[in-house]
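Following the hints, position chain B against chain A.
First to last, the sequence lines map onto chains A and B. Sequential numbering from 1 applies to the first sequence in the UniProt record's numbering. Sequential numbering from 1 applies to the second sequence in the UniProt record's numbering.
A portion of the hints provided could be inaccurate.
[As the list claims (entries may be wrong)] Looking from chain A toward chain B, a few residues come up when the C-beta cut is under 8 Å (computed):
(1) V143
(2) T170
(3) A257
(4) F446
(5) G556
[Unchecked claim] Chain B stretches covered by chain A per the calculated footprint, using a threshold of three residues with CB under 8 Å from any CB of chain A:
(6) 205-215
(7) 231-237
(8) 327-334
Since the hints were derived computationally from the structure, they do not count as laboratory data. Where a beta carbon is used, it is the ideal one built from N, C-alpha and C, also for glycine.
Below are the chains, spelled out letter by letter.
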Amino acid sequence: MARRDGWALWIGVAATLATLVVVFYYPVGRVFADAVAVDGRLTLAPLRAVLGDPFYTGAAHTLFIDPAAVPSGIARWLAAGAPPVEFGLFGFTAYQALLSTLVSVLVGLPGAYVLARFEFPGRRFLRSVTIIPFVLPSILVAVGFLAMFGRTGLFNDLLGIVGLGPVELTFTLEIVVLAHAFYNAPLVTRLVTAAWESVDADRVETARTLGASPLRAFRDVILPQLLPALATAAVLTFVFTFMSFPIVLALGGLELATVEVWLFARVQSLDLTEAATLGAIETALSLGLLYVYLRYEARRTEPGGASRGLSRRPLVDGIRSLVDPLRVAIFAYSAVALVLFAGPLVSLVIESITTPAGQLTLDYYAFLLARQASTAAGTVRPFPAVVNSLLFGVGTLLLSIPMGVVVAVVATRGDRGSRAAEALLTAPLAVSGIVLGLGMLQALVFGTTLFGYRLTVTGPVAIVAAHAVAAYPFVSRSVTPALRSIDDRLGEAARSLGADRTRVLTDVELPLVAPALVAGAAFAFAISVGEFDSTVLLSTGVDSATMPVALERYVGDRSLGPNLGPATAMGTVLLAVTTVSFVLIDRVGGRWE
Amino acid sequence: MTRCDHWVMQRRTFLSRAGLATAGLAATAGCIGDSSNSDDGTLTVATYSSFTGEDTAGNWLKSAFEAENSEATVEFRTPENGINRFIQRKASGATVDADLFVGLNTGELVRVDEQLDEQLFTTAADSVEGADTVDPSLSFDPEGRAIPYDTGFISLVYDEGEVDAPGTFDALLEPAYENGLIAQNAQQSDPGRAFLLWTIKAKGPDGYLDYWEELVDNGVQILSDWQPAYQAYTNGEAPMVVSYSTDQVYYHGEGVDMSRHQVGFLNDQGYANPEGMAQFADADNPELAREFMSFALTEEAQKEIAVRNVQFPAVEGVEPSGDFGKYALRPPEAVTFGYDELVGKVDGWIEAWARQIAGQ
Numbered sequence: 001m002a003r004r005d006g007w008a009l010w011i012g013v014a015a016t017l018a019t020l021v022v023v024f025y026y027p028v029g030r031v032f033a034d035a036v037a038v039d040g041r042l043t044l045a046p047l048r049a050v051l052g053d054p055f056y057t058g059a060a061h062t063l064f065i066d067p068a069a070v071p072s073g074i075a076r077w078l079a080a081g082a083p084p085v086e087f088g089l090f091g092f093t094a095y096q097a098l099l100s101t102l103v104s105v106l107v108g109l110p111g112a113y114v115l116a117r118f119e120f121p122g123r124r125f126l127r128s129v130t131i132i133p134f135v136l137p138s139i140l141v142a143v144g145f146l147a148m149f150g151r152t153g154l155f156n157d158l159l160g161i162v163g164l165g166p167v168e169l170t171f172t173l174e175i176v177v178l179a180h181a182f183y184n185a186p187l188v189t190r191l192v193t194a195a196w197e198s199v200d201a202d203r204v205e206t207a208r209t210l211g212a213s214p215l216r217a218f219r220d221v222i223l224p225q226l227l228p229a230l231a232t233a234a235v236l237t238f239v240f241t242f243m244s245f246p247i248v249l250a251l252g253g254l255e256l257a258t259v260e261v262w263l264f265a266r267v268q269s270l271d272l273t274e275a276a277t278l279g280a281i282e283t284a285l286s287l288g289l290l291y292v293y294l295r296y297e298a299r300r301t302e303p304g305g306a307s308r309g310l311s312r313r314p315l316v317d318g319i320r321s322l323v324d325p326l327r328v329a330i331f332a333y334s335a336v337a338l339v340l341f342a343g344p345l346v347s348l349v350i351e352s353i354t355t356p357a358g359q360l361t362l363d364y365y366a367f368l369l370a371r372q373a374s375t376a377a378g379t380v381r382p383f384p385a386v387v388n389s390l391l392f393g394v395g396t397l398l399l400s401i402p403m404g405v406v407v408a409v410v411a412t413r414g415d416r417g418s419r420a421a422e423a424l425l426t427a428p429l430a431v432s433g434i435v436l437g438l439g440m441l442q443a444l445v446f447g448t449t450l451f452g453y454r455l456t457v458t459g460p461v462a463i464v465a466a467h468a469v470a471a472y473p474f475v476s477r478s479v480t481p482a483l484r485s486i487d488d489r490l491g492e493a494a495r496s497l498g499a500d501r502t503r504v505l506t507d508v509e510l511p512l513v514a515p516a517l518v519a520g521a522a523f524a525f526a527i528s529v530g531e532f533d534s535t536v537l538l539s540t541g542v543d544s545a546t547m548p549v550a551l552e553r554y555v556g557d558r559s560l561g562p563n564l565g566p567a568t569a570m571g572t573v574l575l576a577v578t579t580v581s582f583v584l585i586d587r588v589g590g591r592w593e
Numbered sequence: 001m002t003r004c005d006h007w008v009m010q011r012r013t014f015l016s017r018a019g020l021a022t023a024g025l026a027a028t029a030g031c032i033g034d035s036s037n038s039d040d041g042t043l044t045v046a047t048y049s050s051f052t053g054e055d056t057a058g059n060w061l062k063s064a065f066e067a068e069n070s071e072a073t074v075e076f077r078t079p080e081n082g083i084n085r086f087i088q089r090k091a092s093g094a095t096v097d098a099d100l101f102v103g104l105n106t107g108e109l110v111r112v113d114e115q116l117d118e119q120l121f122t123t124a125a126d127s128v129e130g131a132d133t134v135d136p137s138l139s140f141d142p143e144g145r146a147i148p149y150d151t152g153f154i155s156l157v158y159d160e161g162e163v164d165a166p167g168t169f170d171a172l173l174e175p176a177y178e179n180g181l182i183a184q185n186a187q188q189s190d191p192g193r194a195f196l197l198w199t200i201k202a203k204g205p206d207g208y209l210d211y212w213e214e215l216v217d218n219g220v221q222i223l224s225d226w227q228p229a230y231q232a233y234t235n236g237e238a239p240m241v242v243s244y245s246t247d248q249v250y251y252h253g254e255g256v257d258m259s260r261h262q263v264g265f266l267n268d269q270g271y272a273n274p275e276g277m278a279q280f281a282d283a284d285n286p287e288l289a290r291e292f293m294s295f296a297l298t299e300e301a302q303k304e305i306a307v308r309n310v311q312f313p314a315v316e317g318v319e320p321s322g323d324f325g326k327y328a329l330r331p332p333e334a335v336t337f338g339y340d341e342l343v344g345k346v347d348g349w350i351e352a353w354a355r356q357i358a359g360q
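For reference, chain A alone in the conformation it holds in the complex:
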């Protein structure tokens, strides 16, 4: 087996698993153990306490405390004319996640279409920067959204110009869903764009020459190749928004609380058993969904064998094209996207140069320079934070790309149980950040006693490992569907010429799935740059502060009064640095494509 596969692959698998065990499975397992064991004895009591609590599960709680009463309960409900049913905190959390997923797909999909099928100046730049929202700390998104969609925000000003509005969006489910779309529609756009760019033009043309209409060719040839990427993005969006936390209470309020809000409150009051139980249920639901999806994906994906990508049409092709209905729809979509994505970002930049009274100021940037010059203990300086972010980001890329590729290879083997293995290897996406933080604190920071030594795992290397573990599922989720769609015969041909599995992978398969790999890499970098919790937990002092950490410190810094000016200035720096980084990643990756 090893000879056939090449040693490198198996070393990669072992190293991936070792890293996962240390910074993920063991810490998380320690927390979850609290959910099923009390005083060292296995018990279902904590699970039953949560699931049987109508506050958490609403009408479904009877199922867990008195299953025998369910049929009669349903009968009574039907007799009452089937009134709307509430499913408690879990029900509401799932509902808002479903809405957020729908809106993210609706907003993200046309973006992928435009980016993949049309040529226009700035297209590559736009494709590179689509995932910028991913790196933004929620406090900045909240600032940007209030400035854009608030009662006195830019959006209402714009509506006023055309004689509409005002709309009241703050403290509503709508603004929370919009913020979730802001974060996750880019995921849809980026993953589907990558898939679309990998569609084999020859097959489309063959279909057309055989008489298929453009619509038919789309449905029969292109769509099957897009669906896995689209479904991946949708499933991930659902999982992320199901576990959404800070943004919900920053824009919506406690009436729209999600499970994660309660989980955090339990950790705060050190009721760790209930926290672990809530986290375990969340993870079970998320992993279950991922598993069901992965089975679907494995059956669904058809080999493509990309050789030549589809050619793009010019977006503007003479004056007449401007009134073509398709173009008009695209321009209308662009306007919506501009409001939803550029709006909050531009508002953020404007906030960084505006005083609370509305005058222009450079004070907040002067603040950054002053912090840079400071020698006071505990001061986080902006420039080292930028450097740390970049170093950790590059470290994360170096670690997470091999990890992600290895997992993708394992996932595409098609052995029995490989779907379950893949789901488990994708688990970092399905575990609440609060649970992971708690686990890392207990297992890595406080340490684990082994052979009489208390072992602690902290410092920059541990931070990079934690980032890589959070990031590699994006690489594997992006690469797996693409890898699966490669025609097996290519690999078999290479093998018959003497190449081992590793050679086939690096020389044949990866170049074919380059767009997906680059998309995954961009996400991995974004995850690292935006990461806050484990960075703070595992750091040994302000020396390893990153941009989000600096930003959080400046939020609490009152030397210019309690305003978010300094934080928005640091946020603007973060935006600039990540924009350049994403463009670079795409350019370097593009050469390889």
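Just chain B now, with coordinates in the frame of chain A:
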């Protein structure tokens, strides 16, 4: 960096030289039990992050204390989860790794005692010079472990161009204040918790939930924490926000519209949220910790802490210099729950409240 970390660093270097670093991770061993070299004059102070850094009370205290004690070096630890870090450390058998905690409030001390059987802090009030000068109404620890060094008062901040001062809790239920107030989640926010406790003070443990039901009906919004709430207030989402009575210290002078920074005391009260310091029972440097606490209670330090931390001094009779006295408003009456009133109750109060809000 603490003594222990130095040791860890050396150990780490040794380990990686010996090729023992596993899977690319720096595994470090050590830091079990007591550190032996306790007399090297390093005082490790655990506090919240905004207490340290440029222009802060923490930084001033460090410089001034070190100037006075040439042997001493003050180092700060600012764990993200505050006091919980040390409760969990103690509970899991890891070393506490600090001498002094600065920034403890009543509810947190209650949590410390509810979570741990052992003592995390040690009684210091008798042996800290100046502890007897602290305003007795602020002392919140019956066992004398936590010594208050400053206090804030929770109040409303409102825009007088939009609404009149509500004056009472009942007034907040009137149509004039519909959709008028932004508060914070008591599960995660200090001012949010203080405001909730204030309503319990005013309406009683049996009446506060009914009161909140009416508040929610009148459109109160509960955001995660002070920062988003104040930001929403600043952006004009509502004319009132739960905040601190020191608001105008930040907002006065030319070009500032003071009408948007009016402080409103309800029922002529403000809810006091005193901050205390306490010496860890496992401190390596207990004497230095007590000296530091004494130093923080001197008149000079009390004035500096007040101005830099924008809180009121805890020692009676201290008047901070400059504009502070003019713009930091004291409520006519200060109310707060003591330690004994919160023990065994506060978690239940907050949980019942949060469930009622989220279940609406």
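The hints, checked one at a time:
1. V143: OK, holds: A:V143 within 8 Å of chain B, min 6 Å.
2. T170: holds, 5 Å
3. A257: holds, 4 Å
4. F446: holds, 4 Å
5. G556: Given a least distance of 4 Å, the restraint on A:G556 holds.
6. 205-215: Violated, because only 0 residues of the segment 205-215 of chain B bring their Cβ atoms closer than 8 Å to Cβ atoms of chain A.
7. 231-237: Held - the segment 231-237 of chain B has 6 residues with a Cβ nearer than 8 Å to chain A, which meets the minimum of three.
8. 327-334: As far as the segment 327-334 of chain B goes, the hint is violated, because 0 residues have Cβ atoms under 8 Å from chain A.
Hint compliance for this structure: hints 6 and 8 are broken, all remaining hints hold.
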